[in-house]
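S.K.: Starting from the given sequences, assemble the full structure and let the hints guide the process.
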Amino acid sequence: TQLLEQSPQFLSIQEGENLTVYCNSSSVFSSLQWYRQEPGEGPVLLVTVVTGGEVKKLKRLTFQFGDARKDSSLHITAAQPGDTGLYLCAGGGDYKLSFGAGTTVTVRA
Amino acid sequence: GAGVSQSPSNKVTEKGKDVELRCDPISGHTALYWYRQSLGQGLEFLIYFQGNSAPDKSGLPSDRFSAERTGGSVSTLTIQRTQQEDSAVYLCASSVGWGGNTGELFFGEGSRLTVL
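Chains as they are written, first to last, in our numbering: chain U, 1094 to 1202; chain A, 2 to 117.
Just so you know, the hints here were simulated from the structure itself, not pulled from any lab data.
Incorrect hints may appear among the rest.
Here are the computed lysine to aspartate or glutamate pairs in the EDC-like style, where the Cα-Cα straight-line distance is at most 16 Å [what the hints assert, rightly or not]:
no., chain 1, residue 1, chain 2, residue 2
1, U, Lys1152, U, Glu1134
2, U, Lys1189, A, Asp19
3, A, Lys16, A, Glu69
4, U, Lys1189, A, Asp57
5, A, Lys58, A, Glu69
6, U, Lys1149, U, Asp1164
7, U, Lys1189, A, Glu45
8, A, Lys58, A, Glu45
9, A, Lys12, A, Glu105
In silico contact screen, one side only, chain A against chain U (beta carbon under 10 Å); selected entries [stated by the list, open to error]:
no., residue
10, Tyr36
11, Ser63
12, Phe66
13, Ser67
14, Thr71
15, Gly72
16, Gly104
C-beta atoms are modelled at their ideal positions from N, C-alpha and C, and glycine is treated no differently.
M.R.: What follows is the structure in structure tokens.
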């Protein structure tokens, strides 16, 4: 089983602040996905990164895949209350995605 | 809607009873997954179905757990003789093809199981 560690586990910030969530593993992944899950709902895909060193931007969210394809980060600029949720990273190598435990982000208005 | 549908959304049962959880995937999606999410934990892979291939059951935690997929569409996850440690949210997901590498998994809202 490929393990993904996410940090921090919890993050509470004020609206307008920036935040970064990390996803680390000792294993190499062919791709890495980030999902966001809101209470009572299933996770929803935000982005997939496949190339080492790749950076993808989705509005105020910036995702980076490490050069060695073992780690990733998610940076949110000027966070808004609507960004509140559980952020999950998931590593792919075959059809079984390995998920991290998630980072619970709370953005206070 | 056209999303993944799961039922029941909530199930409370007594220890030792059997439960069935249902998943109706997105039409045309050949891959179907079951994951379990416990409080404070990530998603734990349970089982994977792909078309007519033999399912990958390697994630099922014990022989009390079983799943089937009829006609390549609807899937049922059955837990026999439930235990308190089975309490969790059971998530179903489907994808167009292999999914796990670069494809997107579409998740249902989950079935929350509470075993008293």
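S.K.: Report the numbers of all earlier hints that the structure fails to satisfy, in ascending order.
M.R.: Structure breaks hints 1, 2, 3, 9, 11, 12, 13, 14 and 15.
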